[in-house]
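Enquirer: The residues making up each chain are set out below.
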Amino acid sequence: MIYLDNAATTLPDADSLEKASVYLKEKFFNPSAMYREGFELHKEIDAAKKHLLSFITPSSDYDLIFTSSGTEADNQALFNGIKRGNLVVNEGEHAAVYMTAKELKKRGHDVRFAKLLSDGRVDVEHLLSLIDQDTSLVSVMHVNNETGAVNDIEDIADSVKKLAPKAVFHSDGVQAFGKIVYRLSPKIDLYTISAHKIGGVRGVAGLIKRKDFHIDPYIFGGGQENGLRSGTENTFAIKQFEFAAEKRFRTLEADFLKIQEFNRYMREQLNPALFSFVSSKSASPYILCAAIRGIRAEVLLHILNDKGLLIGTGSACSSRNRYSRVILACEIKKELAEGIIRLSFSAHTTKEEIDQAVQILNESVSQLAERMK
Amino acid sequence: MVEKVVIIRYGEIHLKGNNRGYFEKVFMNNLEKSLTGIRHEIHKPSGRYVVENYDETRTDEIVQRLCKVFGTHSVSIAYKVPADIDRIFDIVSQIAPKEGTFKIVANRADKSFAYNSMQVNAQIGGRLLAKNPALKVDVHHPEHEIFIDIRENGTALVFNAFFEGAGGMPVGTSGKGLLLLSGGIDSPVAGHMIAKRGMQLDALHFHSYPYTNMQAREKVETLAKILSGYIGEMKLYVVSVTHIQEAIHKNCPEEMMITLLRRFMMRIATHISNQYGAQCIVTGESLGQVASQTIEGMTSSNEVVDSLPVLRPLVGFDKTEIIERARKIGTFETSIQPYEDCCTVFLPKHPLIKPKLEKVHEAEARLDVDALLQEALDSLEIVTIN
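Quick note, the sequences are listed as chains A and B, same order.
Heads up: the first sequence begins at 332 in my numbering, then just goes up one per residue.
Heads up: the second sequence begins at 603 in my numbering, then just goes up one per residue.
Each hint should be verified, as a subset may be incorrect.
To be verified - Chain A residues, not near chain B, derived (Cβ > 12 Å throughout):
| id | residue |
| --- | --- |
| 1 | Ile413 |
| 2 | Glu592 |
| 3 | Ser695 |
To be verified - Below, simulated EDC-like cross-link-like pairs (lysine to aspartate or glutamate); rule was C-alpha separation at most 16 Å, straight line:
| id | chain 1 | residue 1 | chain 2 | residue 2 |
| --- | --- | --- | --- | --- |
| 4 | A | Lys433 | A | Glu422 |
| 5 | A | Lys704 | B | Glu848 |
| 6 | A | Lys374 | A | Glu564 |
| 7 | A | Lys704 | B | Glu856 |
| 8 | A | Lys497 | A | Asp463 |
| 9 | B | Lys646 | B | Glu634 |
| 10 | A | Lys612 | A | Glu599 |
| 11 | B | Lys852 | A | Glu701 |
| 12 | B | Lys837 | B | Glu823 |
Source of the hints: derived by calculation from the structure; they are not laboratory data.
None of the values given here were measured: they were computed from a predicted structure.
Backbone N, C-alpha and C fix where the C-beta goes; we use that ideal spot for every residue, glycine too.
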């Protein structure tokens with residue numbers, strides 16, 4: 332089986348699972364407990380936070396709130412923008428931000444949606460035109476999960492703060508963290524990361540926040556995470572996240588170059604008569620989004636599935652959700668929007684897998700085109 | 603603790619003459635099967651069935667399952683007490699309301715019982731009134747009714763409610779049919795109607811994987827499962843028509859896709875019926891509902907079925923009537939899930955509404971019908987649903 336759907340989730344890293352299993356089997360205590368065993372775990376969670384933060388910023392100006400998922404972290408970020416004024420998001424956001432924004436709009440908040448460019452990046456000019464003195468929160472994802480488009484969040488945050496100095500800037504970094512080289516700057520107030528996209532397990536993610544920035548809890552209860560995220564900490568998942576990320580960041584730059592080369596090679600090898608690319612060359616190399624004319628992506632997905640190649644699609648065969656909202660927002664024509672596939676790689680993807688995938692893809696698409704002629 | 607029993611009354615079997623015994627036996631069997639997995643005993647004293655010694659924590663489920671068995675007219679949960687006027691009153695006073703209007707309805711099968719029905723009504727009603735001053739008798743429009751059934755074996759059954767059964771005839775008493783089950787709203791309703799007349803059913807589903815997905819297949823299995831709640835175990839035959847659709851797409855006029863595909867489906871259904879002992883084909887077609895369900899469309903698909911009747915129980919129904927029934931039998935919510943059962947990739951924008959047989963023959967002549975048919979039959983998968 333060749334797995335090229337790593338933007339959906341990745342295989343949990345085996346070494347980290349092994350190393351963290353002690354937190355399931357022996358160090359199972361409640362980190363809030365007052366006895367030594369509990370307190371030790373509390374310290375280990377703090378250490379995991381510092382460690383994870385160190386991968387993305389050298390400064391100690393940031394905190395990390397562990398959440399159960401990237402979606403939860405995004406929800407918490409957005410709900411912190413509703414105290415006053417308006418919120419500005421964009422059409423390219425993952426459902427975790429987009430649907431939350433829609434819900435806030437439904438509840439009567441002034442929510443504005445910026446348009447996209449054809450490769451999935453935010454149309455910055457349009458975004459800035461939506462911002463005014465009353466803007467309370469702006470959310471722009473770092474790497475688009477469907478097209479891989481990279482938004483220059485530093486630059487955007489800078490422009491946003493000039494127009495609205497009090498605005499909070501949030502970025503969903505789930506597809507960036509552990510994949511592309513990036514250092515957080517103080518312009519970014521909130522940043523979402525997730526474990527399971529880089530070899531961690533599901534059930535843990537985080538919201539990074541500037542220390543001097545006040546945020547309200549989204550989930551209430553026993554006051555864990557300094558009152559910002561209640562619920563007994565998932566020590567195992569947190570530590571496994573830490574270990575998996577540590578491994579990931581150790582080779583991040585070398586992996587990036589390797590995947591960049593695979594991506595370039597794949598673009599070159601996929602039959603240009605059949606595939607056209609939605610991802611621009613400046614996109615994250617970990618995501619390659621392509622459109623196939625006249626073919627419904629889910630049909631191809633089934634054929635590839637039978638041949639042992641697992642990929643993602645930007646559309647489905649169901650009569651609802653036929654097209655991806657994000658792909659349509661890139662103003663891609665409907666006949667192409669039906670045939671959107673997403674190939675997404677992990678640091679462990681090999682050249683052999685890429686070669687086989689290219690062959691299966693070229694062969695399957697031309698056969699299918701022939702069958703449907 | 604007073605023992606509880608479940609009474610099942612049957613409907614149309616009463617009308618049967620000499621073969622009544624056969625109908626009753628099949629019905630008993632179906633009732634038994636419907637309670638598989640729940641502790642119980644079923645007896646048939648006279649003119650009814652009684653479930654005893656059952657798992658009382660699952661009473662609601664038992665009633666629900668029994669009500670779905672075709673042949674069931676109504677079901678009641680009754681208290682079983684010795685046929686003694688004091689004991690009867692004890693239980694009546696326990697289940698009787700404390701206020702409002704009521705009526706006692708006694709029925710004395712045991713004619714040796716000391717009181718006749720009217721006397722039982724008067725006795726029990728009188729005592730109840732004396733005990734609960736806020737109660738009033740109303741024999742015409744009572745808010746509450748309490749039924750007392752004095753049986754021959756020295757027991758009395760006391761109950762206060764009837765649950766409506768599915769009605770109809772016991773499944774298995776009217777032969778066996780093959781239902782074309784698409785995943786839409788209509789076909790499960792058609793199957794339910796025919797099974798209600800006592801026909802045992804198997805179902806046949808066509809898919810066009812990879813143009814359709816696993817969710818569509820799962821949806822059909824869910825529908826079959828809901829149907830099997832009424833009709834018992836059934837076989838689901840699943841056949842791929844992918845290559846047939848591709849061949850029609852390549853060789854025949856676009857607007858003929860559905861007309862020609864329907865003919866292949868009927869041929870496949872005929873083969874499977876003959877092979878697995880179904881005596882007819884059942885479809886959910888309703889006259890004029892969609893392009894292929896015109897009289898010309900039906901003529902075209904009937905032409906290839908030479909040896910079997912095609913039953914179309916919904917032929918005269920409006921869509922709204924079908925939906926109402928689908929809701930009632932519990933298939934509607936599943937049917938409207940948005941997974942396509944047959945690929946829309948190949949669906950023509952303007953399907954032929956009134957296909958002429960000669961044009962159909964002409965188009966079909968461009969296909970190797972026998973080879974395509976055989977290939978489809980080779981793809982047959984059989985799933986047991988229960």
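Enquirer: Starting from Lys704(A), check that the Cα of Glu856(B) is at most 16 Å away, please.
Expert: Holds, at about 12 Å.
Enquirer: Does Glu422(A) lie within 16 Å of Lys433(A) when you go C-alpha to C-alpha?
Expert: With a Cα-Cα distance of about 11 Å, the restraint between Lys433(A) and Glu422(A) holds, given a limit of 16 Å.
Enquirer: Taken at face value, is the distance from the CA of Glu848(B) to the CA of Lys704(A) at most 16 Å?
Expert: holds, 9 Å
Enquirer: Take the C-alpha atoms of Lys497(A) and Asp463(A), compute the straight-line distance between them, and say whether it is at most 16 Å.
Expert: Between Lys497(A) and Asp463(A) the Cα gap is close to 10 Å, so the pair holds against 16 Å.
Enquirer: Confirm or reject the statement that Ser695(A) sits farther than 12 Å, beta carbon to beta carbon, from all of chain B.
Expert: violated, 10 Å
Enquirer: Is Lys837(B) within 16 Å of Glu823(B), Cα to Cα?
Expert: holds, 10 Å
Enquirer: Over 12 Å to the closest beta carbon of chain B is the bar; see if Glu592(A) clears it.
Expert: Holds, because the least Cβ-Cβ distance between Glu592(A) and chain B comes to about 32 Å, which exceeds 12 Å.
Enquirer: Just to be careful, I want the Cα atoms of Lys374(A) and Glu564(A) compared with a cutoff of 16 Å; is the pair within it?
Expert: holds, 12 Å
Enquirer: Check the hint pairing Lys646(B) with Glu634(B) against an upper bound of 16 Å on the C-alpha distance.
Expert: Judged against 16 Å, a Cα distance of about 12 Å means the pair holds.
Enquirer: Lys612(A) and Glu599(A): Cα distance at most 16 Å?
Expert: holds, 12 Å
Enquirer: Determine whether the non-interface label on Ile413(A) survives the test: each CB of chain B must be over 12 Å from its CB.
Expert: Fine: 33 Å to the nearest Cβ keeps Ile413(A) off the interface.
Enquirer: Would you mind confirming whether the straight-line C-alpha gap from Lys852(B) to Glu701(A) stays at or under 16 Å?
Expert: Holds - the C-alpha atoms of Glu701(A) and Lys852(B) are around 10 Å apart, at most 16 Å.
Of the numbered hints given earlier, the model fails hint 3 alone.
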